[in-house]
Structures are given as structure tokens and as C-alpha cells.
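Trainee: Residue numbers (this note's numbering), protein chains in the order written: chain A, 7 to 421; chain B, 574 to 1239; chain C, 64 to 487.
It cannot be assumed that every hint is accurate.
Claimed, not checked - Distance condition first, Cα-Cα at most 30 Å in a straight line; then the derived BS3-like pairs of lysine-lysine:
| # | chain 1 | residue 1 | chain 2 | residue 2 |
| --- | --- | --- | --- | --- |
| 1 | B | LYS698 | C | LYS409 |
| 2 | A | LYS265 | C | LYS158 |
| 3 | A | LYS297 | C | LYS75 |
| 4 | A | LYS342 | C | LYS409 |
| 5 | C | LYS228 | A | LYS390 |
| 6 | C | LYS212 | B | LYS780 |
| 7 | B | LYS1020 | B | LYS998 |
| 8 | C | LYS206 | A | LYS20 |
| 9 | C | LYS131 | A | LYS204 |
| 10 | A | LYS33 | C | LYS228 |
| 11 | B | LYS877 | B | LYS914 |
| 12 | C | LYS158 | A | LYS399 |
| 13 | A | LYS20 | C | LYS177 |
| 14 | C | LYS409 | A | LYS354 |
| 15 | C | LYS212 | A | LYS20 |
| 16 | B | LYS698 | C | LYS131 |
| 17 | C | LYS206 | B | LYS731 |
| 18 | C | LYS177 | A | LYS265 |
| 19 | A | LYS20 | C | LYS128 |
| 20 | A | LYS138 | C | LYS177 |
| 21 | C | LYS131 | A | LYS390 |
| 22 | A | LYS342 | A | LYS20 |
| 23 | C | LYS131 | A | LYS20 |
| 24 | C | LYS158 | B | LYS780 |
Stated by the list, open to error - Quick partial rundown of chain A residues pointing at chain B, CB under 8 Å, derived from the structure:
| # | residue |
| --- | --- |
| 25 | LEU24 |
| 26 | GLN356 |
| 27 | LYS360 |
| 28 | GLU363 |
The hints are simulated quantities; they were obtained by calculation from the structure and are not laboratory data. Beta carbons: idealized from backbone N, C-alpha and C, even for Gly.
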Amino acid sequence: MGINFDVCIQDIKKKLILNDQLYGFDKEQNELLQIIKKTTDFGESDSAIILGPRGCGKSMLMDSVIKSLSPESHTLVLLNGLIHTDDNLALKSIIQQLQMENLDGTFAEGSYADNISFLLESFRAGNKTASKSIIMVLDQFDMFCSHSNQTLLYNLFDSVQSQQNPLCIIGLTSRIDVIELLEKRVKSRFSHNIMMLKPLSETSQLLERFKHYLTINKHCKLKADVLKNWNNNIESLILDVRIQNLTKDLLKSSNNSTKLNQLIFMALSNLSNDKILTVENLTNTYSTFFKKDMILVNLLGLSVLELCLVISICHHSEIYDQEPFNFEMIYDRYCKFALRNSTLLVTKRQVIIKAFERISVMQLILPVAVIENKNVLREYRLYKCSVNLDKVKTACNMYFRLPPVILQWIDSNII
Amino acid sequence: MGCFVFKKPNKEKNKRKSKSKKLLTTNQPESELWHTTYIDVWNDVKSKIDDLNGSIYSKFISDTVDFLTTSNITTNQYILTACLLTGVNLPDHESLFGLLATNLEKSQPPVIVATLFSEHFSSVKNAVISMVSQLLNTNDDQSDSDEEMDESVNSVVKRSECTMSTLIEWYSHQPIETRVAILVKDYEMCQQTVLQNFILLLSCYTKEIPIVLAIGIATSISNLHNSLPHHVVTKLKVKMFVSEASVVFLNNIMDQVFLKPDCSFYLGGRILEYVTEVFLYYNFSIKQFIESLKFCLMEHFYLKPLNCICVAHESAQGALFDTLDKKTLEEITKLRSTNYKLKIDNNFKENFLQSIRDLKAGIDDFHIGLRVLHILVVDLPHSPLGTQLREMYSSAMKKHIIDNISYKTCLQLLKFLSKDDLLAKFDKILHVFKNIKNNKRAKNALKLVQSYVKRLEESHLNNLVIVEDKPKEKPKENLQATSRSQFKKKLIDNVKHEDSRPMTEFEKARSETLDHLTEDILRAFLVPPTTMPLNELLIFDDLPSIKRKIVGEDRAAQYTAFINPQYYINCDCCELEFTEQIFKTMPDLSIVYKLHLESRFDQINIYDWLQKFISIVGPDQNDDDDIDPELQSRFVRAVNELQHLGYIRPSRYKADHVQRLTCGSC
Amino acid sequence: MMLSKLNNASIKDTLSSEFPFRQVQINTLTNLFLNEVLPPSVFIHGLPSTGKTSLVTRLLYLLRKSTKSSIVNSICCYTSRLLFEPILKDLLEIKQSDIPNRCDHFMQFLNILKQAEIQQERVIIVLDNCEMLGHEQIVLFSKLQELIKSYQFCVIFISQVLPAKFDEDINCIPIVFEQYNSDDILDILSRDRSTNWSESIYQNFLNVFMGSFYGSCRDLVELRHLAKLLFIKYVEPIEDGSCTEINLALLFRKISPSIHLLLNNVYLGTSLENVNSLSDEKTKFEKLALDLPYYAKYFLIAAYIASFNLPKYDRQLFVKASNKKRKTNRLTNKTENSATQLVGPKTFSLDRLLAIFYAIIEENTNMTANLLAQINTLSDLGLLIRLGDGKLDTPKYRCSVSFDCVSNIARTVKFNLNKYLIDK
């Protein structure tokens, strides 16, 4: 039985990773389908952009629409702005995905100009009725806009306009100002079909997903009582007030379900031997993985010397209103403090500068100029602070055996 | 005929070269003589210097090589790093690292070396590429390991293929226990972030390849520790190696090569002082020091057949002398040091050769005396004569050192030495004399010193010597002095005399032997060769002629070139009567420069300038307003050159004006 | 189920015994990776030397039978090709030369992986020091599972940097490696005891050691090294018989100079060979540091004066006729660390440097090429910093040495530096 049960758990995990179930967006789905159908069925080229925040289900929506079409009706070309970082790569990929490279020998190896003229030639060769329609999905559409001159976009949209080979271009992006990114000549050729997807905003929606993920399907080869037991447990979990609070919390930090997926994934991984997902399982996982204050953990991991430097930094930032600082200033401040308190060892400057550098490697402080300027000495390089005093205070209170003078010092920045 | 075998990137040199070539065509036989002599002497000196260099560096190098090759690197957690503190004499480092690299390559287990310079550290990619290409390609053709640049050009492995993974693959074909040494020549000049990342990168591969590192640091070790952040430092295991200070090298080279009688090139005191000053005050560079001495050598022989004859072997001197023409012979008689005693007569040749022999003997004696002197005074407190042989040499060359006040202080100090110390010194002196063959005076001196030693040894430390009363009376009568200062001095003298305790036997012997040594031996031996006849022919002391050539004064040279172009181009047409004079025949640049000096203001109107220019270079009777385009273009070119040289720049405030960047008439 | 329960348990046990005080992290990692379905990406974060890389490396080694893995240190990937090709080499188990084409782009990388049917296998890619990679690359790798479409594909990021820096774009499971606390470190250090010495001696030593060093350093690697260096020194009196094991006070007295010496060199520990090397050679080096040619010393002094004085005071200071009184008045106003010291040296032009140089140097020297070359030598040595993108006409400089260094140099040429420094 154990093995079967494990298989079920693994299935749930797969489901979590795959994340292919579309929730809501029925209206949008229909709308998109209409647009694409126009291309596939009637040979009318068109373009559209789907807009929505990260993780709200843009790709899922796209997938579900594509899935509902018959595979013979179209050729699908998928591009991703992250992967296809310039026009040339994108073009090669288009040619590959259209399986045109076999037509004429080594075209994919050819120059950019060759490739684009070849592609446009092919588009032109097609016609509304006879040719197979092409659906082109541009994920991370905004990144294509940064390609030089937006040549590819221009040509693609131009082919859409000129009604050659049926072509449907769908852009997916999370940037709300995406239209502004387009050059004028590109913008004018775009159909201005924009579909906005709203992120989920209700805990009930999240809980629904929660239930959906975790419910074990009846087709599983699992003993009926185990199955029933598990599913009942899930039902009761959803009703539990702690879980509801948890989902509220999640929703506050991000308005998509990826965090939830991760949470369930981790909880399932940590599942103990009694094969029941408990409330504690979930809340514990949540607090260890998502609630943990990383900065606090980092601060607690510093040595006393490093912590003192961080305190100096915070004091400095407070007094000078977040002005950038350099090592000399911090060293000066630290020395004044250390000299007043004989209980602390006054350490050599060379040690302190090493400690300072360690803090900067951990990126608790960040250099003001990103490019390191060779002309500026290390001691005088300017930094900004990325932690605030309150956090440092909390850290000091929690710090294991911190000398009391430091605790006093932190509250008085006057030296 | 290639007259300059050695290439030297020196501006003056090039100038000379063209000049000498012109002259060479006229006097061929002589030029061959001076040149071959120069080459012979220089090769002799050079080989000595090389030997010396090898021996001085040898400990430093062998220590480093030992550390890099034999230290245990099985832990492969750290990169074994030798920090070579090489001092600030940057020009010498190249040879040092070259030596280190060749020594490493010879060692067992085999080590393959790549040397990286600061220019390779423009990016990590560059550093890795040049490292890998050096490593891979030295192994492929060991025959031509001349320069890295050449190798990377005709490298077998393409630059794009020079990555760490190719290196790993290559390493798997190497003999077992081969190490890879990476030498970073000038740490301070490298881009720090790149170097840090490079070190981190190397540390990722220590498991696959035993990499060792040698970093050359010119300033101080704290520089390394301070500039590497902690996460980089943890990747290194550092051991420091300190090379000798470059002054030590200088002293060694002087003592062992140039200040030895067997060196056929003798330096005068002033020259020596000057080149050491350049060394100590400016750059600490042995390489430049040797180069400047080389230049002196060249200057000494250049077109001076007499100088060459003096250096030649005695058997050949007669024959060479016969080749001289009359003019040269007359030159000899005009030499100041001869006191006009040499006359062109039948015995002229004999007399000349004899005085040369005498001079040489004198120089030999001088060197012996110098060494004796050095032994005597080297460790005296406050070292009145300096501690180095070269310091004594240069002062002894100028004037008889025995008459020097500092020597008197030395003598006084010597008279306080204990018996053991003094005997030790005498022992060393004996050693010096014993090593000298075929020298009568040295033999006599040896006998004398032996007698001193005997006397000192026999003298007792405690036996008092009965002092006669006579000298006690003497000072008292002198008390009536003419002036107050004299009176005071005499009083002090008297006090001294009265104060002096009765001397012991040893003390008496000590004082007397030292006086004898001074008067009988040192006075004879330390006769400055510069006072001997014909010394100009053997000793090079012509400071004014080489001063500018050793240390270039580029601004002054430019100034002369502008103001008095004839100085360099040797034309007949531009002879100046006064400096402000401008001739039509002068180079355009010179004319333009002189005109711009005439401007009283900071800003110069180009049009006015052009007019003046045309009034000088243009045809005499020109009254129409049209400007000859050829003249205008000449003017523009000259102005541009002046701007290029940094004397003017386009004005920011006025159109058609340029701004003078220099002030006054310089 | 591919992995037997038994095997899993043994892996867990091995890791727990090898990595003390890492139980939580081991549990999480094994729970995640001893399963059929792998998470898309994991972000391991922790301060330096908390065992991140070694633990992951060991885990993957133990899993090597069932899982293909590739560990890449991002510092080595200065081009994207050097990131992709090593991974391909490891995963496809081929040689460098067998990679069909250059793999410069992620697209090619993805294609090759897809063609190799990597979906069939369990694969873990580790990107160590991932903060060195470009942001896009991190995002892409975090989505690699989705792009490959495999449940058995995972990317592990390891970094000292807070995951929050990347959090917006990547959805990773964060795992924190917490810093060891003092008790943990004490425990770990006590495992290093060599068998020649009894536990009590070593424990006593560690108490002394931790008391002095824990305040300034919590880095385990560093502390282990320092402890090793110091312990040799600590037992010296016991070895030569001048002190007994139980006389803790005497032992402490004997060791404290070494402790003091080493305390000034914390964070250099691993690069040092032994405590002695530090004390012997220190003085020798300092001497050598001052070994500059005569004029170079004056140039450096002049540069320091130019860097820390405002140009408007030059006239007062260097014109010979100016009265000395005002200078001394100013000196009394001088504060220990005034604002100029904190902001750092100011730039000055070559002309000003030369003017000050000629003002402070007693003898008359010609401005020769050698003299001017000194300035470049100094900047090659990093004692001066040359500014202004290498233009010939107006070079600017800045002095980069500390006051201590310059005043030492001034002392060797008997130059009164303080007379010429107006602070403020």
C-alpha cells in the first residue's frame, strides 16, 4: 500500500509542478479562441497581447486555447524573450519550428539578412486559403521590444497586415506599458487587441486551488479507505481557520498561486510516516520557508565585530539621512565607540576593513556605483545601507551572548 | 656594416646612430678598431655581470623554486602562493621573472610556467586566455620560447579554445606530478577585481591541476593582504620571499665588476658618482644603471683610437700605434695630463707605451690600496669614508684620500681598535697582498705588513711604555697665541696632551703601525690615477658629454631644437647670433615656435600669427592680400605640430585664437 | 520508487555524521531530493563557510548512482559558453570536443538538452556563487524545469547573497544555512584535536582561543585555521617541559603575545604558515616598504600634501616670505580625524605636484625625463592614482597612501611633514 500511496503523492507533486489547470478566465479564453479561430479557420491574420501580472495564468490560458484546437489546423511557433535574446536567434528558432530548414539546406546557418528575407518570402508565398496558418506566441513580449530597431516585430506585424500567409501573433507580457515600448511604425501595425488578466484576489479562490491540488483522484489504485481518509482530511483542512489565515497571509505577499504550490510541495516532501497532511505540517513549512526573515538570520550570523560595524553604519545612515558612506567614516565611528568601552578589544584597522568587506560581499551594504572605479580607493568607496536600524535592534536582542555595552550603544547614536 | 649590435631604446642613441653612420663611411679602418674593442670590453663586462646576477639572485630564486615545486599540495584546498617582494625597481623585474621561469622549467618534478603581466588582467577572460595559450604552446614547441606575444600569434591552439577545460584536457596528457606555475609579474598594476576573480577561478581547478602561483609585489606585503578581501585570501597559502634590496646589487656589481683592476674600463670619480646618484635618487634600477655604464663605455671608445690602443693587449699595442696618423699623435702631446713632456721624437712610441704601462701599474696599485683602505675603514662607527667601495673609489679618484679630513678621523678611530680587531684587519690586508702576483711593490708591502703584524702580536696589552718628558714641556710655551680662537684651540690641544695616559706597549705599537701603514703603504698605493700622465686615455671621466645622454632632459632638448635648430641639423645657414633670431631657412615648426614666443598675451590670434609667418617665409615683394595656399598649409601643419607637442591648444573663449600653455620663454 | 527507503536512511545518516549541526538542512534537502519528483529550483543561502557547497556536493556524490549532476562555480563562467558547455559535458557524459557546435546561447543549450532526451533522467544542476551570473541567466535556469518539461530536473542555486535580491523573478524554495553559534563552533573545533594531546588540554586551549577570537570572527574555516596555528604555539611550553599541562595561568601568559599578534591578522589566517612567520618578517617588510628612491620619496610627500591640503593654502605654505606664525596657529586647530581624512584624498594636477615638489625639496634638480618618470613609477606602484582617462595634456593624480606611511617616509628624509599639513 505504501508504494501506491507514494505514487499518489508524487502525482500530486507533478500536478503542482505542471500547474496546467486553468481557473476562471472563461471569458478571456473564449475571446482568445475567437481570434485564433479567425486565423486558423478563415485565414484572417491577427495579433493580440495578453497582459497580466506574473503568475496569473497567461501561459496557462494560451495553452488551454491551443489545446482546444485541432493540431492539424495550425503550426505553432513558441518564442520566449528570455531565450531568444536577439532577432537573429529568434529568427533561427522560427525557421526551426516551422521546419523550413530542411527545405533549403543550410538556411539556419545563414546570415540574419538571408534568414529574414527567406522568412518573409515564405510568408508572401502563402495565401489566405491554401496555406496552413501559423500561430506565433511571443512570451516575455516586452523583451522583444528591446531588440535593435524592433526589426522582427515590425516584419511580423507587417506580414499580419498585408494578409499573406495566415498568421496570428500573440504576445504575453506582464508590463502594463508594453504598448509604449513599441516604435511608432510597429505600433501602427499592431491590432491593439489587448486582453487584461486579473490576478486572483480572494482567499476562496486560493483555497479552491488548494483543494484541487490535494484531492486524490478516484482513479488511483489506492485502497478506498485510505483514499477517503486523505480526501476527507483535505476537506477539513480547508475549513480550518489556521489554514484560512495562512492563505490570507500568502495572498498578501503575492497575488499568484506559485507560493502556494511551493508550500504544498514542501509540505508533501516533509510528510511524516503517518501519511496524513496535518495543519501543523503546512503551518510549520510556511513559517520555516516563507516567513523567515532572511536579513535577520544574516545579522544573527555575523560576528560581534561585524555587527558593531553594521550598527555604526545604521547610526551613520540615520544621522546623515541615508547619505552614502565609506569605510573611513564607519571606522571612525566604530573607533570612537570602541575606545569608550575598554571591555571591547580594539582591533587593528586591517582586520576591520576585512570585516567591512565581508559585509559588502554578503550585500548587507551595496556599493553606490555598480561599476568598480579603479580610481577610488577601497577605504573611500561609497556604499549604501540595505538594512534598517529596527532590524538590527531586533537582531541584537536575539543575539547570543552579546556584550551589554553594544545593546546600550545601539539606542544612542550620539557619540 | 652593422655597427650597433645591441639595441637600446634611447632617443639620443638613435640620433648618434645616424650621425655615426655618416662619419663611419669616411674613416672605416678606425671605426672597426673602436667598435671591436668596444664589443670585446663590453662582452667581458657583460659576462661578469651576468654571472654575478645569477649568483645574487640564486638564493632567492632557488628558495622560491623549492617552495613552489616541493611543498605539499595534496590538500588542494588552497593555491600555494609565493609572494615575491621585489622592491620598487620595476625595470629589473622582467629579468628576475625570466630567470625564475627558466629555473622553474628546469626543476623536477616538471613545472610548466605561464607569466602574466598587468596588461593581461583587463578581464578574467583575457587572463585565462593568455595563461592557457602560454601553457599549451610552450609545450608544443620548446624551440622558440622567445616571447609570449609571438607565440600567441602562431599558436597551435586558437585563442577562442583557450579555456580552463582545454587546459584540463591538456594536463591529462602531461607527465605525472607536473605542476603548473603562474607568475603574476606586477601585482600593483593589475586590476584588482579581475585578479581576485582570477584567483577564485583558479581555486576551482586545484583539484584537477596542481596550480601554484607566484605574485611579484613591488611595495609591501601588507599591500597584498590589504587589497584582497577575505573570501579571496582564504584561497591562498602564502609564503613570502624577499629579494635583496637593489642597492645591494649595485654595490655588488660595482665591487665585483667595475671596481676591479682586471676590468679594462676605468671610471672616473665624477661619472661614478653621477650614475650612482641617478640610481639612488631616481629609479633603483640596475638595468638602467648598466645601460648607462654601457653608454659611457661606448662614448669612451667611440672614434678614439688612442683609447682603444690603451686597452689592447700589450703585444698588439706597438702595431696599432703605427697605424695612427700624425694628427692623432699630436693630440697625445696636447693632452693636459702629460704636462707637455711627451714630444714627438724618435722615442715617442716607446715613451708613450711606457707611460701607458706605468699608468696601468698605477691603477692596479690604486685598486690594491683601495681594497686595503676598504678593509680598514669599512666598519668604523659613523663610517666617515662611507661603507661602500664605490664611495671610497670616487673620493680617492678625485684627490689623494690620505689628505682627506675624513681619513684623519678614520685614523683616529682606528687607533681605538682592540688588538683582536686590528689583527683581524691586518690579516685580511695580508690576504689581499698575498693574492697579488707579479708586483714588486705589493711584495714589499706584504713584508712591511707582516712586520707590523709581528710587532702587534708581540706587543703586550698591559706593559706601559716609558714616555720621555720632552713633549710635555713643549705645548706650554705656545700658550701665547695671537687670536682668541687660536688660543682656545691650543688650550684644548694642551689638555689633550696632558690628559693622555701613558701608553701601553700595544697602544704605542698600534698607533705607530697605523701611521706607518698610512704613510708607507697607502700613500704610495692610493695615488689617484687621475693625476698620472695619459689618464684621460684609460679613465673615463667626461661627465658633461654624457650627462644629458644618460638622463634625458626632454624639455630642454625640445627648447634647443626650436630655438637653435642648427644644434641638431648641422646646417650652415642657420647660425645664430642671438637666440631670438629667426631665419627663413629654419624649419617651419621652429619659426612658428619663435613667433609664438613673441606674443605678449596668453591668447594668440592665428591670423596675426600667419601674417608674421608669411612675412618671414614668404617671397620678399608680396603686397597683394592673397595668401599663398602652400604657405598657409605649411603654417597650419606647424601649428598643429606645436599643439601636438603640448605648447598650445585651441582657445575656449575666443574664436580663431589659441591659448599658450607655457609661460615665459620656455 | 527508484530509491529504497533503506538507502535513503543511510544517506541521511552519513550526511548527519559528516556535517554536524546541519540536521535541519540535511532533512530538508534529503526530503526534497530523495523523491521521484524534484522541485524546479532550490535556493540555498547562507553566510560564508556554513557548509553550503560541501554539503550539496556530498549529497550529490551519494546520489550519483541515480542522479546525474553538474556542479558549476559561476566564477568560472566569464562567458555564457563556459557556463553551458561544462554542464552539457557533465550531463551528457561527453568530452569537450564532442559538443557538436559552439554553445553560446541558452537557446542552443536548451536544444541540445532536449535532443539528448534529458527528460528521461534525474538531473540536478548546481550553480555555486550564483550572484556572479547575470540576472537573466538565473531567471532562465530557475525556469529550466518548465522549459525541459521534466519532473526530474532541478537547479540548485547557492549564494551568500540574500535570495530576496532575486525573489521577484524566480520562484525557488529557499533553504537557509544558519551560522553556527559559539557552542557549535566549539564542538566542531574540538573534533580537530590531534591524537597526541589529551582532550582536556585541547578543551582548555579552545576555551582560551574562543574567548579571544570569537568576537571578531565567526567564520568556521578561518577559526579552524587560526586554532591550528595557535595550538602549535600553545603546546610549545608543555613540549619543552617549561610548563605543566595544568598550569593554565602560565600557559595563558605564554600564549597571549601570540594571540595578540594573530588577533591583528584575523581573516588572513588561512594564508599564513605559522605564527612565527608573522612576527619575524613583519619588521623586515616594513623597512622594505620605505625603500624608495630619494626623489620618489619627495614626490610621494608632495602628493600627500597636495591631496590633503586645499590649493588655496599653497601660497601661505610654500611662498618663502609668508610668516610662520599663521602656520603654527593653524596647527593647534588640527583635530584628530577631520572631515578631509574621512572623505579621502582630493585630486591634484601635475603642475601643482611639481610646484610643491620643487618647493619642499632643498637642492636644485633639473626637470629631467627621469624625474618625470618617477611620477609614473609611483602610479604604477599604486602609490599614486592616475586619473583622467589617460589624456596627455592635463593628467590628474591622487595620493593613495596612508598618513602613517607618508610620515614614515618623511622621517627617513628628515622632512617635517606636519608643518605642511593644514587639516580642514
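Trainee: Under the criterion that the straight-line Cα-Cα distance not exceed 30 Å, is the pair LYS265(A), LYS158(C) satisfied?
Mentor: 39 Å, violated
Trainee: Given the hint that LYS698(B) pairs with LYS409(C), test it: the Cα-Cα distance must not exceed 30 Å.
Mentor: Measuring from Cα to Cα gives roughly 33 Å; hence the hint is violated.
Trainee: For the pair supplied as a hint, LYS206(C) and LYS20(A), is the alpha-carbon distance within the 30 Å limit?
Mentor: Distance of about 15 Å is within 30 Å: holds.
Trainee: Between the alpha carbons of LYS177(C) and LYS265(A), is the straight-line distance 30 Å or under?
Mentor: 28 Å, holds
Trainee: When you check the alpha-carbon spacing of LYS228(C) and LYS390(A), does it fall within 30 Å?
Mentor: Measuring from Cα to Cα gives roughly 15 Å; hence the hint holds.
Trainee: Within a Cα-Cα threshold of 30 Å, do LYS138(A) and LYS177(C) meet the stated pairing?
Mentor: Distance ~26 Å between LYS138(A) and LYS177(C) Cα, so the pair holds.
Trainee: Are LYS212(C) and LYS780(B) close enough, with their CA atoms no more than 30 Å apart?
Mentor: 34 Å, violated
Trainee: For the restraint on LYS360(A), tell me whether the closest CB of chain B is nearer than 8 Å.
Mentor: Holds, because the Cβ-Cβ distance from LYS360(A) to chain B comes to roughly 5 Å (cut-off 8 Å).
Trainee: Between the alpha carbons of LYS131(C) and LYS390(A), is the straight-line distance 30 Å or under?
Mentor: The hint is violated at about 42 Å.
Trainee: Sort out whether LYS128(C) lies within 30 Å of LYS20(A), counting only the CA atoms.
Mentor: 23 Å, holds
Trainee: Quick check on the hint: GLU363(A) CB to chain B CB, less than 8 Å?
Mentor: 4 Å, holds
Trainee: Regarding the pair LYS158(C) and LYS780(B), is the alpha-carbon distance no greater than 30 Å?
Mentor: Roughly 18 Å between the alpha carbons, so the hint for LYS158(C) and LYS780(B) holds.
The structure fails hints 1, 2, 6, 9, 10, 12, 17, 21, 22 and 25 (numbered hints given earlier, in ascending order).
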